[in-house]
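Visitor: As a plain string of letters, each chain reads:
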Amino acid sequence: MALLQISEPGQSDQPQQRRLAVGIDLGTTNSLVATVRSGVAETLPDEQDQHLLPSVVQYKKDSGCVVGEAAKANAAVDPFNTIVSVKRFMGRGIADIKHLGGQLPHEFVSTAESGLLRIRTVAGDKTPVEISAEILRVLRSRAETALGGELQGVVITVPAYFDEAQRQATKDAGKLAGLNVLRLLNEPTAAAVAYGLDKQAEGIIAVYDLGGGTFDISILRLNKGVFEVLATGGDTALGGDDFDRLIAAWILQQAGIGADAGQGYLRQLLQHACRAKENLSVQAQTPLDIPLPDGGRWQGELTRSQLQRLVEPLIQKTLLSCRRALRDAQLAVSDISAVVMVGGSTRMLRVREKAAEFFGTTPLVDVDPDKVVAIGAALQADVLVGNNSESDMLLLDVIPLSLGLETMGGLVEKIIPRNTTIPVARAQEFTTFKDGQTAMSIHVVQGERELISDCRSLARFSLHGIPPMVAGAGRIRVTFQVDADGLLSVSACEQTTGAQSGIQVKPSYGLTDSEIEQMLRDSMAHAQDDVAARALREQQVEADRVIEAVVAALAVDGALLTHLEREVIDRAVTQLQQLRQGNDHRAIKSGIDALDKATQDFAARRMDRSVKQALTGQRINDFINP
Amino acid sequence: MAITLTTKAAERVKGFLANRGKGDGLRLGVKTTGCSGMAYVLEFVDSADTSDQMFESQGVKIFVDPKSLIYLDGTELDFTKEGLNEGFKFNNPNVKATCGCGESFNV
Chain A
1 MALLQISEPG QSDQPQQRRL AVGIDLGTTN SLVATVRSGV AETLPDEQDQ HLLPSVVQYK
61 KDSGCVVGEA AKANAAVDPF NTIVSVKRFM GRGIADIKHL GGQLPHEFVS TAESGLLRIR
121 TVAGDKTPVE ISAEILRVLR SRAETALGGE LQGVVITVPA YFDEAQRQAT KDAGKLAGLN
181 VLRLLNEPTA AAVAYGLDKQ AEGIIAVYDL GGGTFDISIL RLNKGVFEVL ATGGDTALGG
241 DDFDRLIAAW ILQQAGIGAD AGQGYLRQLL QHACRAKENL SVQAQTPLDI PLPDGGRWQG
301 ELTRSQLQRL VEPLIQKTLL SCRRALRDAQ LAVSDISAVV MVGGSTRMLR VREKAAEFFG
361 TTPLVDVDPD KVVAIGAALQ ADVLVGNNSE SDMLLLDVIP LSLGLETMGG LVEKIIPRNT
421 TIPVARAQEF TTFKDGQTAM SIHVVQGERE LISDCRSLAR FSLHGIPPMV AGAGRIRVTF
481 QVDADGLLSV SACEQTTGAQ SGIQVKPSYG LTDSEIEQML RDSMAHAQDD VAARALREQQ
541 VEADRVIEAV VAALAVDGAL LTHLEREVID RAVTQLQQLR QGNDHRAIKS GIDALDKATQ
601 DFAARRMDRS VKQALTGQRI NDFINP
Chain B
1 MAITLTTKAA ERVKGFLANR GKGDGLRLGV KTTGCSGMAY VLEFVDSADT SDQMFESQGV
61 KIFVDPKSLI YLDGTELDFT KEGLNEGFKF NNPNVKATCG CGESFNV
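Top to bottom, those sequences are chains A and B.
The working numbering applies: residue 1 is where the first sequence begins, and numbers increase by one.
The working numbering applies: residue 1 is where the second sequence begins, and numbers increase by one.
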């Protein structure tokens with residue numbers, strides 16, 4: 001069976017309709033997708049248990065494209081068709097990226113009419129929007145496999161400094177990937193949301209984001225749940241990669257290797273440097289064992305204090321940006337109430353220490369700095385699709401008693417359960433009960449009991465114009481809508497013809513509080529009776545349906561039966577008709593089974609005949625080449 | 001009879017409750033639905049109703065309203081992982097049939 005997640009109180013009224021929503025951190029180097037399950041926001045891994053998806057797309061000549069780790073591995077081999085850091089081109093024209101052009105392997109083309117930028121690949125010219133959509137598509141399918149359903153909406157994060165064009169391009173990429181983009185969220189805001197800072201009334205928050213290749217500082221003001229970006233700053237060419245380069249240079253010097261060692265060797269050295277840096281976040285020193293270009297090995301040790309001396313100038317540079325951002329916002333360091341650390345490089349203890357020293361407050365580091373933005377986006381997406389009413393700023397009223405409608409046999413089908421917050425709209429599909437049914441009477445009721453006679457009738461209306469079809473083929477969508485004023489409107493729509501009908505009622509009209517309470521108490525007291533009554537009615541309805549189908553079939557194809565066979569079926573029908581009058585639902589069930597058995601042969605013969613009729617007069621070729 | 005949790009489910013529920021920062025326990029219930037009769041309800045509980053039945057299993061409080069209990073008595077709640085998807089599973093001895101998608105069931 002399907003696996004379930006725990007919902008917030010009162011939110012699981014429509015278990016199948018829990019809306020799947022995710023947050024996506026579409027990063028320059030890596031991208032992530034996160035969602036809220038059982039009240040906990042977490043990032044979703046792929047089959048290899050990797051949470052980070054490298055934001056790298058490689059186009060193949062005629063077989064689509066590769067995204068992620070595989071594409072990243074090919075970046076050196078196939079630089080022209082492998083696009084790294086596409087985020088830098090989002091919403092940019094050819095003029096904007098001229099200053100980057102010299103260092104990039106790609107051939108850029110500009111479309112004459114829009115001035116938009118395209119990158120020439122073997123698979124054709126691609127816009128940054130198309131390339132980003134490929135990354136989003138991979139995250140989408142990962143999320144849909146993990147959550148087992150189609151996504152209702154996503155929140156995608158963008159840097160706070162993104163302008164309208166860049167934001168629009170990001171939104172377009174989402175649309176192209178088949179996603180319903182509920183909102184774009186600023187990355188620093190998402191990080192603040194992940195730490196629950198949006199629950200505070202007000203404050204000034206600094207978000208220090210040191211990633212692999214870029215550094216961003218954002219100063220946010222929170223006021224009554226609204227985040228306002230006061231200032232942003234940073235350095236687009238400063239990140240963890242620079243730290244690695246410094247360490248690698250230090251190793252070269254210590255090991256006495258000439259700077260003329262090959263490119264491949266230097267890349268290998270950078271990986272060693274990166275690993276040493278990561279080790280020093282947990283240990284005070286780390287041993288180094290580096291292969292030399294001449295085939296020998298060099299062994300040494302890097303201590304935390306040595307590393308600190310190496311990277312000190314770079315950290316100072318980030319703090320300079322922080323100071324500038326504060327000045328832009330016309331604030332003093334003492335105005336900052338919280339500092340949020342984002343990006344893998346903030347795992348370095350020295351970075352945390354220096355940030356704490358600068359801002360005079362301990363930075364928030366509990367949430368994985370690689371995932372914090374995606375997690376904040378997921379929390380926001382969860383609220384936006386309506387899974388978490390508690391975080392809703394405007395908690396409105398609730399409906400006091402369930403609203404539903406009458407189905408066959410005088411049973412109640414609840415459409416909106418009690419205690420649902422309004423405004424609300426819920427729809428459910430119903431089918432026709434009889435062959436050739438052209439109208440449906442809709443009886444709207446209110447109450448908690450299972451039988452229509454125990455609930456309060458609110459309104460009746462009918463839907464006409466259903467085209468004649470066999471029972472069960474017509475699909476009628478009934479929508480219940482309660483607006484913020486508690487006004488209920490019910491509409492029914494036949495799906496094939498679009499025939500429509502509706503009515504408006506005020507549901508709680510004329511009911512006092514004590515009457516409502518009495519109705520609720522009755523529903524508890526009569527729970528056992530109601531269950532039995534429901535079972536009986538369901539079997540009675542089923543019996544009626546079966547009898548009707550058999551009688552109709554006998555009228556059409558009765559000739560297929562011998563006199564004796566006919567008698568057996570007739571007897572079973574009569575017996576079921578008698579049982580149906582009684583109130584033992586098990587007996588009715590056995591009567592239905594008996595009739596079912598008695599007519600099995602008859603049904604098979606009817607099937608044979610209709611197949612024969614369909615085939616008669618046709619040539620074999622008609623079926624082979626339709 | 002009673003409602004119970006497996007060790008794995010209990011651990012998860014405790015984790016979720018701790019993470020959420022509030023809540024008395026877990027609510028199990030059923031709701032009538034279109035597809036094949038009933039569907040399960042699984043919620044956190046912030047304040048129990050006076051009519052709720054309370055069970056305690058593996059240190060987790062489980063609340064069930066009297067209407068749902070008729071359908072759920074004897075149920076064991078488990079936590080399992082199926083591929084990338086993970087979640088809770090009802091092992092309900094009362095179930096006679098489930099619909100194709102497994103979301104709803106009949107007693």
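Keep in mind that the hints were calculated from the coordinates and are not lab data.
Heads up, some of the hints might be wrong.
Subject to a maximum C-alpha distance of 27 Å in a straight line, what follows is the list of computed DSSO-like cross-link-like pairs (lysine-lysine) [what the hints assert, rightly or not]: (1) A:Lys597 - B:Lys96; (2) A:Lys354 - A:Lys317; (3) A:Lys199 - B:Lys22; (4) A:Lys317 - A:Lys199; (5) B:Lys96 - A:Lys589; (6) A:Lys434 - A:Lys317; (7) B:Lys89 - B:Lys8; (8) A:Lys199 - B:Lys14; (9) A:Lys72 - A:Lys199; (10) A:Lys72 - A:Lys60; (11) B:Lys22 - B:Lys61; (12) B:Lys8 - B:Lys31; (13) B:Lys22 - B:Lys96; (14) B:Lys14 - A:Lys589; (15) B:Lys61 - B:Lys8.
Visitor: Give a verdict on every hint.
Guide: Hints and how they fare:
1. A:Lys597 - B:Lys96: 20 Å, holds
2. A:Lys354 - A:Lys317: 11 Å, holds
3. A:Lys199 - B:Lys22: Holds: Lys199 (chain A) and Lys22 (chain B) sit about 15 Å apart, inside 27 Å.
4. A:Lys317 - A:Lys199: Not OK: Lys317 (chain A) and Lys199 (chain A) at ~32 Å, beyond 27 Å, violated.
5. B:Lys96 - A:Lys589: Given that 27 Å is the threshold and the Cα spacing comes to 14 Å, the pair holds.
6. A:Lys434 - A:Lys317: Given pair Lys434 (chain A), Lys317 (chain A) is violated - Cα atoms ~77 Å apart, limit 27 Å.
7. B:Lys89 - B:Lys8: Cα-Cα ~11 Å, so holds.
8. A:Lys199 - B:Lys14: 24 Å, holds
9. A:Lys72 - A:Lys199: 39 Å, violated
10. A:Lys72 - A:Lys60: 14 Å, holds
11. B:Lys22 - B:Lys61: 13 Å, holds
12. B:Lys8 - B:Lys31: Roughly 25 Å between the alpha carbons, so the hint for Lys8 (chain B) and Lys31 (chain B) holds.
13. B:Lys22 - B:Lys96: Distance ~36 Å between Lys22 (chain B) and Lys96 (chain B) Cα, so the pair is violated.
14. B:Lys14 - A:Lys589: Violated. Lys14 (chain B) to Lys589 (chain A) sits at ~43 Å, over the 27 Å cutoff.
15. B:Lys61 - B:Lys8: 15 Å, holds
Violated hints for the displayed structure, listed by number in ascending order: 4, 6, 9, 13, 14.
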